[in-house]
Amino acid sequence: MNTQQTNQSNLPSDNKATLELRNISRTFGDEWEREEIIKDLSLTVNPSQLTVIVGPSGCGKSTLVNLIAGFDRPDAGEILLNSKKITDPGNDRMVVFQETALIPWQTTLENVVFGPNLRGDRTAEEVEAEANRLLDKVGLAEFKEKYPIQLSGGMQRRAELARAMINNPLVMIMDEPFRGLDAMSRELMQEFFVRLFEENQKTNLFVTSEIEEAIYLADRLIILSNRPTSVRSIIDIELPRPRDFHMLSSPEAYEYKREAMEILHEEAMKSFHREDNSSAAAE
Amino acid sequence: MTQAAQDTIAPHKPGSSGVSNTPKKRSKILKALSSDTFWRGVVSLIGFVVFWEICSRMKQWTGVEVPWIGKVPPPTEVLEAWTEIFWLPGYWESWYLSTGRVFAGFIAAMLLGIPFGLCLAVNRYFHDIFFPPFEVLRPIPPLAWVPASIVFWPTTELSIAFVTFLGAFFTIVINVLGGAKSIDIRFLRAAQSMGASQWDLFRKIILPGTLPSIFTGAAVGMGITWEVVLAGEMISGGGQQGGGGLGFFIWSSYMGGTVAQVIVGMISIGIAGYLSSSLIRYLGSISMPWRRLF
Numbered sequence: 007m008n009t010q011q012t013n014q015s016n017l018p019s020d021n022k023a024t025l026e027l028r029n030i031s032r033t034f035g036d037e038w039e040r041e042e043i044i045k046d047l048s049l050t051v052n053p054s055q056l057t058v059i060v061g062p063s064g065c066g067k068s069t070l071v072n073l074i075a076g077f078d079r080p081d082a083g084e085i086l087l088n089s090k091k092i093t094d095p096g097n098d099r100m101v102v103f104q105e106t107a108l109i110p111w112q113t114t115l116e117n118v119v120f121g122p123n124l125r126g127d128r129t130a131e132e133v134e135a136e137a138n139r140l141l142d143k144v145g146l147a148e149f150k151e152k153y154p155i156q157l158s159g160g161m162q163r164r165a166e167l168a169r170a171m172i173n174n175p176l177v178m179i180m181d182e183p184f185r186g187l188d189a190m191s192r193e194l195m196q197e198f199f200v201r202l203f204e205e206n207q208k209t210n211l212f213v214t215s216e217i218e219e220a221i222y223l224a225d226r227l228i229i230l231s232n233r234p235t236s237v238r239s240i241i242d243i244e245l246p247r248p249r250d251f252h253m254l255s256s257p258e259a260y261e262y263k264r265e266a267m268e269i270l271h272e273e274a275m276k277s278f279h280r281e282d283n284s285s286a287a288a289e
Numbered sequence: 007m008t009q010a011a012q013d014t015i016a017p018h019k020p021g022s023s024g025v026s027n028t029p030k031k032r033s034k035i036l037k038a039l040s041s042d043t044f045w046r047g048v049v050s051l052i053g054f055v056v057f058w059e060i061c062s063r064m065k066q067w068t069g070v071e072v073p074w075i076g077k078v079p080p081p082t083e084v085l086e087a088w089t090e091i092f093w094l095p096g097y098w099e100s101w102y103l104s105t106g107r108v109f110a111g112f113i114a115a116m117l118l119g120i121p122f123g124l125c126l127a128v129n130r131y132f133h134d135i136f137f138p139p140f141e142v143l144r145p146i147p148p149l150a151w152v153p154a155s156i157v158f159w160p161t162t163e164l165s166i167a168f169v170t171f172l173g174a175f176f177t178i179v180i181n182v183l184g185g186a187k188s189i190d191i192r193f194l195r196a197a198q199s200m201g202a203s204q205w206d207l208f209r210k211i212i213l214p215g216t217l218p219s220i221f222t223g224a225a226v227g228m229g230i231t232w233e234v235v236l237a238g239e240m241i242s243g244g245g246q247q248g249g250g251g252l253g254f255f256i257w258s259s260y261m262g263g264t265v266a267q268v269i270v271g272m273i274s275i276g277i278a279g280y281l282s283s284s285l286i287r288y289l290g291s292i293s294m295p296w297r298r299l300f
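So the protein lines, in turn, are chains U and P.
Heads up, the first sequence is in our numbering, so the first residue is 7 and it goes up one at a time.
Heads up, the second sequence is in our numbering, so the first residue is 7 and it goes up one at a time.
The shape of chain U in the complex, shown without the other chains (with noise of 0.2 angstroms):
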């Protein structure tokens, strides 16, 4: 759809961009009923950091998602990847979704050489050679042939991960992608993703509702407001790289996350209060 995009992330110093989002709002609804999902949200993305985006469940961060990705717009404001403003899906924005988004019906090669092979700004050959490259990175060389679902919930996200990264995008989205996984799995995950993004440095949003693992991840906290959405605070988080998961341990995680708890906390408690509100009216 947007060829055009394509060819920038090629560019070596692609691990070095910035997204921005400026005073964005979306709404919902017709002129009958309104619902304002996401009220003048700011953020940036720093370059070469992991931004980890936690908020209250239900409070539009898969909305926030969807418009970063280009598969929806905001009713105000903009988003600018690099100073160029975002206006469609394009491969400089890599999302790993919630549940599993591999093909079925393509084996876990062709899932990862799609992307690249669809646009054709490389040979076959050079693809397939990437593709074995990374699928071996995340441990599935032995699992090429199989199809999506033959593999497990862990190794689905890593084939998901190598197909993101073969499009070699400026920003990688993790949308919740490790939600839904037993908590061994997860664990297991979590390292590997922070020995990815170790490796590589590039630019990073990481949506969550799990704090542990939101400060595990991040060297940003951006935690959001309730319904109508905006952010609520900013937390640097300055535990030394590489991370392992004794630090969660330490007096500066647990400092930390009773910080974010506290806050989050008070959002919640304002959803509980619009819910009650709003089934009063009900009635």
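Simulated from the structure, these hints should not be mistaken for laboratory data.
Check the hints yourself; a few may be wrong.
Derived CB-CB ranges, DEER-like [said to hold, decoys possible]: (1) P/Pro138 to U/Met190: 51 to 57 angstroms; (2) P/Ile135 to U/Lys263: 55 to 61 angstroms; (3) U/Lys263 to P/Pro138: 53 to 59 angstroms.
Lysine-lysine pairs mimicking BS3-like chemistry, simulated, CA-CA at most 27 angstroms apart [said to hold, decoys possible]: (4) U/Lys152 to P/Lys210; (5) U/Lys45 to U/Lys91; (6) P/Lys65 to P/Lys77; (7) U/Lys90 to U/Lys45; (8) P/Lys187 to P/Lys210; (9) P/Lys37 to U/Lys152; (10) U/Lys91 to U/Lys22; (11) U/Lys45 to U/Lys276; (12) P/Lys210 to U/Lys150.
In this text the structure is predicted, and so the values were computed from the model without any measurement.
Note that the Cβ used here is the ideal one computed from N, Cα and C, for glycine as well.
Got chain U; can you put chain P on it based on the hints?
Below, chain P alone, put in the same frame as chain U:
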């Protein structure tokens, strides 16, 4: 006429579907032979035939008639009738004629139904314009089309083919439409963000994503075409014995008073239907390798 025909068919339905399990061993020979499922099926079929034989002959042996089944000739008599007509070209001609009609109608329905269903799914304007009349025509049973069809088409053959086509067409369209609509939006979005054009989305996501529904629609549609063809043949008749397809074969056997032959016709239809749906399942499994893994 049809009512009478259905009355005689109805009590024996279990017979035709039970016997139709036998060809299973031909398709997956070795694997099937060693599976419990296969042997359970064999035992169940033998049990069924023995039960039928005993019930049919009960009056002869004890003077007490078993309700319903007692009126039916026993399997040995049916087999005898079958071996007699097995060598007659007329019997095979019935097979040939019915199969030809089923496939003519079915293939036409697939050729028109799949693109039509896909267009309904992907284009809003197309959907807005063509869906309402489609939905009005869809509930009309294929057999209600018979008189109109005879008026529309110059030959009986074409009328039967048209009614057969209608039987499968609506089912296929509805399945294709439903299947294409239910494709998970994440696949479309993922493909879109990787740079897929509209044509790529159609070719790589919508079409393969709809395949399972296409085959479901085909399997159901195939069943309906057999029903419709046989009913059509009973109504339209044929030149002489065996000249009008399996439906007419049953009808003329009934009129001629050989109930054993009626049952032969019914079992033949069971086998024909089973072979047709096996063929569709087989085509489905080779064209959708990712579905074989469930």
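### Task
With a cut-off of 27 angstroms on the C-alpha distance, tell me whether U/Lys90 and U/Lys45 pass.
Since the Cα atoms of U/Lys90 and U/Lys45 sit roughly 22 angstroms apart, the hinted pair holds (cutoff 27 angstroms).
### Message
Against the range 53 to 59 angstroms, how does the distance between the Cβ atoms of U/Lys263 and P/Pro138 compare: consistent or not?
### Response
The hint (53 to 59 angstroms, Cβ to Cβ) holds, given that U/Lys263 and P/Pro138 are roughly 58 angstroms apart.
### Task
Would you check the hint for U/Lys45 and U/Lys91, treating anything up to 27 angstroms between C-alpha atoms as holding?
Roughly 19 angstroms separates the two Cα atoms, so the pair holds.
#### Entry: Restraint check for U/Lys152 with P/Lys210, where alpha carbons must lie at most 27 angstroms apart
Given pair U/Lys152, P/Lys210 holds - Cα atoms ~18 angstroms apart, limit 27 angstroms.
#### Entry: Given pair status - P/Lys210, P/Lys187, alpha carbons within 27 angstroms
Between P/Lys187 and P/Lys210 the Cα gap is close to 15 angstroms, so the pair holds against 27 angstroms.
### Message
Taking 55 to 61 angstroms as the stated bounds, is the beta-carbon spacing between P/Ile135 and U/Lys263 within them?
### Response
For U/Lys263 against P/Ile135, whose Cβ atoms are near 58 angstroms apart, the range 55 to 61 angstroms holds.
### Task
Compare the distance between the alpha carbons of P/Lys210 and U/Lys150 with 27 angstroms, and conclude whether the hinted pair is satisfied.
holds (19 angstroms)
### Message
So if I understand the rule, the pair passes when the alpha-carbon distance is 27 angstroms or less; does U/Lys45 with U/Lys276 pass?
### Response
holds (16 angstroms)
### Message
U/Lys91 and U/Lys22 were given as a pair; does the straight-line alpha-carbon distance stay at or below 27 angstroms?
### Response
Status holds; Cα separation ~17 angstroms.
### Task
For the range 51 to 57 angstroms, tell me whether the beta carbons of P/Pro138 and U/Met190 fit it or not.
Check passed, 53 angstroms falls within 51 to 57 angstroms.
### Query
Between P/Lys65 and P/Lys77, does the CA-CA distance stay at or below 27 angstroms?
holds (9 angstroms)
### Pairwise hint evaluation, U/Lys152 against P/Lys37, where the allowed Cα distance is 27 angstroms at most
Distance of about 23 angstroms is within 27 angstroms: holds.
Violation of the numbered hints given earlier is absent; every hint is satisfied by the structure.
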